[in-house]
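Trainee: If you want the building blocks of each chain, they are given just below.
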Amino acid sequence: DSGVTQTPKHLITATGQRVTLRCSPRSGDLSVYWYQQSLDQGLQFLIQYYNGEERAKGNILERFSAQQFPDLHSELNLSSLELGDSALYFCASSVDSGGGGQPQHFGDGTRLSIL
Amino acid sequence: AQSVTQLGSHVSVSEGALVLLRCNYSSSVPPYLFWYVQYPNQGLQLLLKYTSAATLVKGINGFEAEFKKSETSFHLTKPSAHMSDAAEYFCAVSLQGAQKLVFGQGTRLTINP
Chain A
260 DSGVTQTPKH
270 LITATGQRVT
280 LRCSPRSGDL
290 SVYWYQQSLD
300 QGLQFLIQYY
310 NGEERAKGNI
320 LERFSAQQFP
330 DLHSELNLSS
340 LELGDSALYF
350 CASSVDSGGG
360 GQPQHFGDGT
370 RLSIL
Chain B
24 AQSVTQLGSH
34 VSVSEGALVL
44 LRCNYSSSVP
54 PYLFWYVQYP
64 NQGLQLLLKY
74 TSAATLVKGI
84 NGFEAEFKKS
94 ETSFHLTKPS
104 AHMSDAAEYF
114 CAVSLQGAQK
124 LVFGQGTRLT
134 INP
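In order, the protein sequence lines correspond to chains A and B.
Letter 80 of the first sequence, counting from 1, is numbered 339 in the numbering used here, and no numbers are missing.
Letter 59 of the second sequence, counting from 1, is numbered 82 in the numbering used here, and no numbers are missing.
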């Protein structure tokens, strides 16, 4: 058990819809990272928050947004969903902002299926 | 830009045989390097990490990896494979001061009885 909790485990929805994925980091971790895992793109970094502030951005679409709340949990919002958004979305957390080589600890992911 | 290449998307070994999973990185400065394992329907679990303290890094479940700067490699090995090692393995890199992990495409390890 990594200590990172992601809900829901599975989401099935239709094109054009909007969903919210939730992540609770390990106790004491200030950084939250979101990754997308798909068959064609592999594991891709989306975005990072550190103590409530956006710290780094990766290959995140404009239709996607995220935030980290004062209690340090994070949400990833995906809107105007397309078939290609079907993927496994991982949340990870680490103690610091990542500059010190601290490992990231991953949740079990949310599997998003767009019909 | 940093990148990671894992040679071989599938590796198959016999139980008890040596496991060797290859990872090469491209970076202009020494990076931090990680190996993660993903079992079916689970998240990624950290196996080991290299952060410049020692070139030979020992991880969990009997795995180890050696950082070779001259070869820009960080290959993962285990002397004797066990059936429970069957999983997908990812090599990842991050730069000092950078936050994101850049992952290789993964290597699926199959263990034959």
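There may be inaccurate statements among the hints.
Below, computed lysine to any residue pairings styled on SDA-like, alpha-carbon distance capped at 25 Å [claimed, not checked]:
id : chain 1 : residue 1 : chain 2 : residue 2
1  : B       : Lys-72    : A       : Ala-273
2  : A       : Lys-268   : B       : Ala-109
3  : B       : Lys-72    : A       : Ser-339
4  : A       : Lys-316   : B       : Lys-81
5  : B       : Lys-92    : B       : Val-42
6  : B       : Lys-92    : B       : Ala-109
7  : A       : Lys-316   : B       : Val-52
8  : B       : Lys-92    : A       : Lys-268
9  : B       : Lys-72    : A       : Leu-320
10 : B       : Lys-72    : A       : Tyr-309
11 : A       : Lys-268   : B       : Pro-53
12 : B       : Lys-81    : A       : Leu-270
13 : B       : Lys-72    : A       : Gln-303
14 : A       : Lys-316   : B       : Gln-25
15 : A       : Lys-316   : B       : Lys-91
16 : B       : Lys-92    : A       : Gly-262
17 : B       : Lys-72    : A       : Gln-296
18 : B       : Lys-72    : A       : Glu-321
19 : B       : Lys-72    : A       : Ile-373
20 : A       : Lys-268   : B       : Leu-69
21 : B       : Lys-91    : B       : Ser-32
22 : B       : Lys-81    : A       : Tyr-309
23 : B       : Lys-91    : A       : Ser-261
24 : A       : Lys-268   : B       : Ala-40
25 : A       : Lys-316   : B       : Ala-40
26 : B       : Lys-92    : B       : Leu-41
27 : B       : Lys-72    : A       : Ser-324
28 : A       : Lys-268   : B       : Val-52
29 : B       : Lys-81    : A       : Gly-360
30 : B       : Lys-72    : A       : Glu-341
31 : B       : Lys-91    : B       : Ala-40
32 : B       : Lys-91    : B       : Pro-63
33 : A       : Lys-268   : B       : Arg-131
34 : B       : Lys-72    : A       : Gly-360
35 : B       : Lys-81    : A       : Arg-285
If you are wondering where the hints come from, they were derived from the structure by calculation, not from laboratory data.
Trainee: Would you check the hint for Lys-268/A and Ala-40/B, treating anything up to 25 Å between C-alpha atoms as holding?
Mentor: Violated. Lys-268/A to Ala-40/B sits at ~36 Å, over the 25 Å cutoff.
Trainee: Between Lys-72/B and Ile-373/A, is the straight-line Cα distance small enough, at 25 Å or below?
Mentor: 35 Å, violated
Trainee: Given the hinted pair Lys-81/B and Tyr-309/A, is their Cα-Cα distance within 25 Å?
Mentor: 29 Å, violated
Trainee: Does the alpha-carbon distance linking Lys-91/B and Ala-40/B stay inside the 25 Å limit?
Mentor: The hint holds at about 23 Å.
Trainee: Taking only the CA atoms, is the gap from Lys-72/B to Ser-339/A under or equal to 25 Å?
Mentor: 38 Å, violated
Trainee: Is the hinted pair Lys-92/B and Leu-41/B satisfied, with a Cα-Cα distance of at most 25 Å?
Mentor: Judged against 25 Å, a Cα distance of about 23 Å means the pair holds.
Trainee: Is the hinted pair Lys-72/B and Glu-341/A satisfied, with a Cα-Cα distance of at most 25 Å?
Mentor: 36 Å, violated
Trainee: Does the alpha-carbon distance linking Lys-268/A and Pro-53/B stay inside the 25 Å limit?
Mentor: 37 Å, violated
Trainee: Lys-72/B and Gly-360/A: Cα distance at most 25 Å?
Mentor: Judged against 25 Å, a Cα distance of about 9 Å means the pair holds.
Trainee: Can you confirm whether the C-alpha distance between Lys-81/B and Arg-285/A stays at or below 25 Å?
Mentor: 24 Å, holds
Trainee: Below or equal to 25 Å on CA atoms is what counts here, so check Lys-72/B against Gln-296/A.
Mentor: Distance of about 21 Å is within 25 Å: holds.
Trainee: Run the distance test for Lys-72/B versus Ser-324/A: straight-line Cα separation, threshold 25 Å.
Mentor: Distance of about 30 Å is beyond 25 Å: violated.
In this structure, the earlier hints numbered 1, 3, 4, 6, 8, 9, 11, 12, 15, 16, 18, 19, 22, 23, 24, 25, 27, 28, 30 and 32 are contradicted, and the remaining ones agree with it.
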